[in-house]
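*Asks:* Make a model of the complete structure from these sequences and hints.
Residue 38 is where the sequence shown starts when you use the working numbering, and the numbers rise one by one after that.
Hint data in this document are derived by calculation from the structure and do not stem from the laboratory.
Where hints are given, some of them may not hold.
To be verified - Computed Cβ-Cβ distance ranges for the label pairs, DEER-style:
1. P169 to L75: 34 to 44 Å
2. V100 to A62: 49 to 59 Å
3. V165 to A63: 17 to 27 Å
4. G108 to F180: 16 to 26 Å
5. D59 to V151: 44 to 54 Å
6. I64 to S114: 39 to 49 Å
7. P57 to F173: 55 to 65 Å
8. A63 to L176: 18 to 28 Å
9. T153 to L75: 43 to 53 Å
10. S78 to C157: 36 to 46 Å
11. S85 to P146: 17 to 27 Å
12. P169 to G124: 23 to 33 Å
For every residue, glycine included, the Cβ atom is placed at its ideal position computed from N, Cα and C.
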Amino acid sequence: AVVSTQSTGDEDVPDINNIPDDERAAIDAVIARNKSTLSISTVGWMVSALMVFNYTDFLNVLVYDGRVNRGLLKIGSSLVGVNLLVGVYLVVYLSYIRNKPDWTNHTHPALIPVATLCACVGLVLCTVALWPVWGFLTLPILFTLFMGLVMLATLLPV
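*Replies:* In structure tokens form, the structure reads like this:
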């Protein structure tokens, strides 16, 4: 099948408005298939996070290990919590409850940099708080757990 082109001077650009119906259906099928959130990488990150969580005994270390700097951990966790709350506000509340799908353009432009700063500082503080327990493995452990949670969040029916 040949797609007509529009001349724009130097090069020919395909005219996407004149695609035959069978090709448009094939393109739509590829787009729909690629929108699936369940993939090998998603499952891989979640399984890896579960294995790291279990192997490192993460919960018991957070609660009972005396080497953890609790003050830094509380501040870091609070900052990561602020990041999560901003995300829930922007994505869930504004997009789905208030029906404002274009919140990124004009609504609360300062929230995204604030959330980014809170997440970065919180990650650094949590890493410093847990460094006495795992040393240089603290960064890969926290990154794997973070990626597992992110992949889990992509599966939520929001």
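*Asks:* Now tell me if each hint is right for this structure.
*Replies:* Okay, the hints, checked on the actual structure:
no.	hint	verdict
1	P169 to L75: 34 to 44 Å	holds (38 Å)
2	V100 to A62: 49 to 59 Å	holds (55 Å)
3	V165 to A63: 17 to 27 Å	violated (52 Å)
4	G108 to F180: 16 to 26 Å	holds (23 Å)
5	D59 to V151: 44 to 54 Å	holds (49 Å)
6	I64 to S114: 39 to 49 Å	holds (45 Å)
7	P57 to F173: 55 to 65 Å	holds (57 Å)
8	A63 to L176: 18 to 28 Å	violated (44 Å)
9	T153 to L75: 43 to 53 Å	violated (28 Å)
10	S78 to C157: 36 to 46 Å	violated (24 Å)
11	S85 to P146: 17 to 27 Å	violated (35 Å)
12	P169 to G124: 23 to 33 Å	holds (30 Å)
When the structure is compared with the earlier hints, violations turn up for hints 3, 8, 9, 10, 11 and for no others.
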